[in-house]
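Residue numbers (this note's numbering), protein chains in the order written: chain A, 1 to 256; chain B, 1 to 430.
Don't read these hints as lab results, they were simulated from the structure. Not one of these hints is a red herring.
One-sided excerpt, in silico: chain A residues whose CB lies under 8 Å from chain B:
| id | residue |
| --- | --- |
| 1 | Ala48 |
| 2 | Ala76 |
| 3 | Phe84 |
| 4 | Val93 |
| 5 | Ala101 |
| 6 | Met106 |
| 7 | Tyr109 |
| 8 | Gln158 |
To give a feel for the contact side, a few chain B residues facing chain A, derived at Cβ under 7 Å:
| id | residue |
| --- | --- |
| 9 | Ser373 |
| 10 | Ser374 |
| 11 | Phe376 |
| 12 | Tyr377 |
| 13 | Lys379 |
| 14 | Ser380 |
| 15 | Arg381 |
| 16 | Gly382 |
| 17 | Ile383 |
| 18 | Asn384 |
| 19 | Leu391 |
| 20 | Ala395 |
| 21 | Asn398 |
We put the beta carbon where it would ideally sit given N, CA and C, even for glycine.
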Amino acid sequence: MLVIKDLHASVFGTPILKGLTLEVNPGEVHAIMGPNGAGKSTLSNVVAGREGYEITSGSIEYLGKDLTELETEERACEGIFLAFQYPVEIPGVSNMAMLKAAVNSMRKYRGQDEMTAGDFLKLIKEKAALVEMKQEFLKRSVNEGFSGGEKKRNEILQMAMLEPKLAFLDETDSGLDIDALKIVSSGVNALRSPDRAMVVVTHYQRLLDHIVPDFVHVLADGKIVKSGDKSLALELEEKGYGWIDGLNDEGIAEAS
Amino acid sequence: MISANNVQSWVDHHRGTESSEPEWLAKKRQAAIQSFTEVGLPTLRNEDWRYTSLRKVLNNEFSIETKLEAAEAAVPATGEFPRIVFVNGLLLESASTALSLDGVSTLSETLAENPMQLTEVFGTTVKDSLHGFVELNTAYAKEGYVISIGKNAVLDQPIEVLYLSLGDKIASHARNIINAEANSQLTVVERHLGANGNTYLNNSVTEIIAGDNAHVSHYKIHQESDNGTHIGGVLINQANGSNVTNHNVSLSGALVRNDIVANLNGQGAHTEMNGLVFGSGESHVDNFTEVNHHVANCTSDEYYKTVLDDNSRSVFRGRIVVAEDAQQTNADQQNNNLLLSKNAEADCKPQLEIYADDVKCSHGATVGQLDESSMFYLKSRGINHEDARALLTFAFANEVLERISIQSIKEELMTQLAGELLSGVDSVPK
Numbered sequence: 001m002l003v004i005k006d007l008h009a010s011v012f013g014t015p016i017l018k019g020l021t022l023e024v025n026p027g028e029v030h031a032i033m034g035p036n037g038a039g040k041s042t043l044s045n046v047v048a049g050r051e052g053y054e055i056t057s058g059s060i061e062y063l064g065k066d067l068t069e070l071e072t073e074e075r076a077c078e079g080i081f082l083a084f085q086y087p088v089e090i091p092g093v094s095n096m097a098m099l100k101a102a103v104n105s106m107r108k109y110r111g112q113d114e115m116t117a118g119d120f121l122k123l124i125k126e127k128a129a130l131v132e133m134k135q136e137f138l139k140r141s142v143n144e145g146f147s148g149g150e151k152k153r154n155e156i157l158q159m160a161m162l163e164p165k166l167a168f169l170d171e172t173d174s175g176l177d178i179d180a181l182k183i184v185s186s187g188v189n190a191l192r193s194p195d196r197a198m199v200v201v202t203h204y205q206r207l208l209d210h211i212v213p214d215f216v217h218v219l220a221d222g223k224i225v226k227s228g229d230k231s232l233a234l235e236l237e238e239k240g241y242g243w244i245d246g247l248n249d250e251g252i253a254e255a256s
Numbered sequence: 001m002i003s004a005n006n007v008q009s010w011v012d013h014h015r016g017t018e019s020s021e022p023e024w025l026a027k028k029r030q031a032a033i034q035s036f037t038e039v040g041l042p043t044l045r046n047e048d049w050r051y052t053s054l055r056k057v058l059n060n061e062f063s064i065e066t067k068l069e070a071a072e073a074a075v076p077a078t079g080e081f082p083r084i085v086f087v088n089g090l091l092l093e094s095a096s097t098a099l100s101l102d103g104v105s106t107l108s109e110t111l112a113e114n115p116m117q118l119t120e121v122f123g124t125t126v127k128d129s130l131h132g133f134v135e136l137n138t139a140y141a142k143e144g145y146v147i148s149i150g151k152n153a154v155l156d157q158p159i160e161v162l163y164l165s166l167g168d169k170i171a172s173h174a175r176n177i178i179n180a181e182a183n184s185q186l187t188v189v190e191r192h193l194g195a196n197g198n199t200y201l202n203n204s205v206t207e208i209i210a211g212d213n214a215h216v217s218h219y220k221i222h223q224e225s226d227n228g229t230h231i232g233g234v235l236i237n238q239a240n241g242s243n244v245t246n247h248n249v250s251l252s253g254a255l256v257r258n259d260i261v262a263n264l265n266g267q268g269a270h271t272e273m274n275g276l277v278f279g280s281g282e283s284h285v286d287n288f289t290e291v292n293h294h295v296a297n298c299t300s301d302e303y304y305k306t307v308l309d310d311n312s313r314s315v316f317r318g319r320i321v322v323a324e325d326a327q328q329t330n331a332d333q334q335n336n337n338l339l340l341s342k343n344a345e346a347d348c349k350p351q352l353e354i355y356a357d358d359v360k361c362s363h364g365a366t367v368g369q370l371d372e373s374s375m376f377y378l379k380s381r382g383i384n385h386e387d388a389r390a391l392l393t394f395a396f397a398n399e400v401l402e403r404i405s406i407q408s409i410k411e412e413l414m415t416q417l418a419g420e421l422l423s424g425v426d427s428v429p430k
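Modelling step: build the complete structure from the supplied sequences, incorporating the hints.
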């Protein structure tokens, strides 16, 4: 589904990714862990197509297409979703209006008719229940005045509405208390399916107690230095990053 | 014909049109002519006009309409409110349903039948320091609406006043008067509509006198021709406890200039000024606002937003003067400008003059572009560039329209704004 080969990327001129290789297949859940500054968020932003994130060499193939040739919105319409580490507040645009625009934009891209108001309402009510979000949040401006937990639940609601094929969850656990973490995780787990792949980017092992990955990768200094199954995450939790071959402790914070 | 850039040409053109007006008015007219010939028309050398050039429009020759041809067909279908309709500056009586209401009349009718009603009113809001167009208006305006309601009277429906500019190269002066006596309430919606392609010069002054505890809502909505010029004044005097709101919305026009001046003359008075400018093409909109806190315990709230696309330009001047005795004043002013194009320009000039020492005055001015992170967020949800831009722009501008209390007008303006911005995205809240 997603094949990244020897990817080098710069953020506003500074090289961050330095030869990253990763393959994700339908139905798989991958966790990417790593210290601060390793390039975790850069990877998410590069896949989503953010301006200022420049690919200097290597390739990203998605469903057999060169992803780098697509605009951000085309990538979304092709089924790529990014749950933001810091969801953006958009005063004056209601959650409902944004989701309606998004759903209909994607339907248009696929040559489908716009969804009727009735169908849309039914769908959004159903999906909001998944993340235990009250109706009033749908009418409020996107993320404006939301708590950290509400923002992250809103990201998962959007994911549920847009039904992506490949979802990147960028530090979805940051800023969550344990209750919010459970709600968000159960929302994510409900969306796991044999056709849908997920890449969970996280600093901490604790998220992986709730969203159990098939693969765990360690990202350090712009490339993946070790891959394994879920036991790798536990090992990292216990020992930090220093024991991994090719990594020294210098300049790399220990995961707590 | 009037050579618009020639002061004497205006005076010569109007000579001999004086009718048998009451002496007090003739005196005011004479003084205004005198003043107009002295100050002349504004140029870029006037500090108050340094960002707004009249050169292009004043290079035209204009005529003043004296007789109206049948114009009924051009009047937009009847709206939900009683109306007064002016075409090229002249009353279209057949379409003016509001004239049957108590207290609703025209300037010409009032001067002919009940001139005493205006003796203590006409010209009382005009400061000496205003520009030549106001003097020109005082000197020669023969028509306009007069809404004068007595103590405790309430007009339960808004009065809609349409000014249609249908001809080409026509100038007009409208002098409107709203006189709301103590405890009265009224709403007036002025709409300035121009048929596209026509070049015209409308010079309008609306005087608002709000008595003790009177409530006045005044709307000025510009849907002008792309070649139309409107120079307007909204001049307000407020007594104790009065509440005046002005909504000023410009959606089109080659050149629109409004001088909006509120004088808070009585304690406990409140002024609200809301403005929205949407500029596109070559349009130029200049809003010159001023709130004078002359006495203590008054409040004012000013909220102006501008969206500029293409080569359009806007000017905002927000002057707040708090006199030495105006203690416990609470004044707020916000002016936010959004530039959608590299060729658009917004000039904004907050100007606070505070001579009292126990006041609360706040102001904020911003000029910026659409937020990159918001754009990326929307696009990452599959929304294309144009629609994302439209959603964010609409949200920015809509905050001003949200302040409009007449539901049908709010919805109409939202729909029009959305139409200018959106391609099929349904974001208009219902």
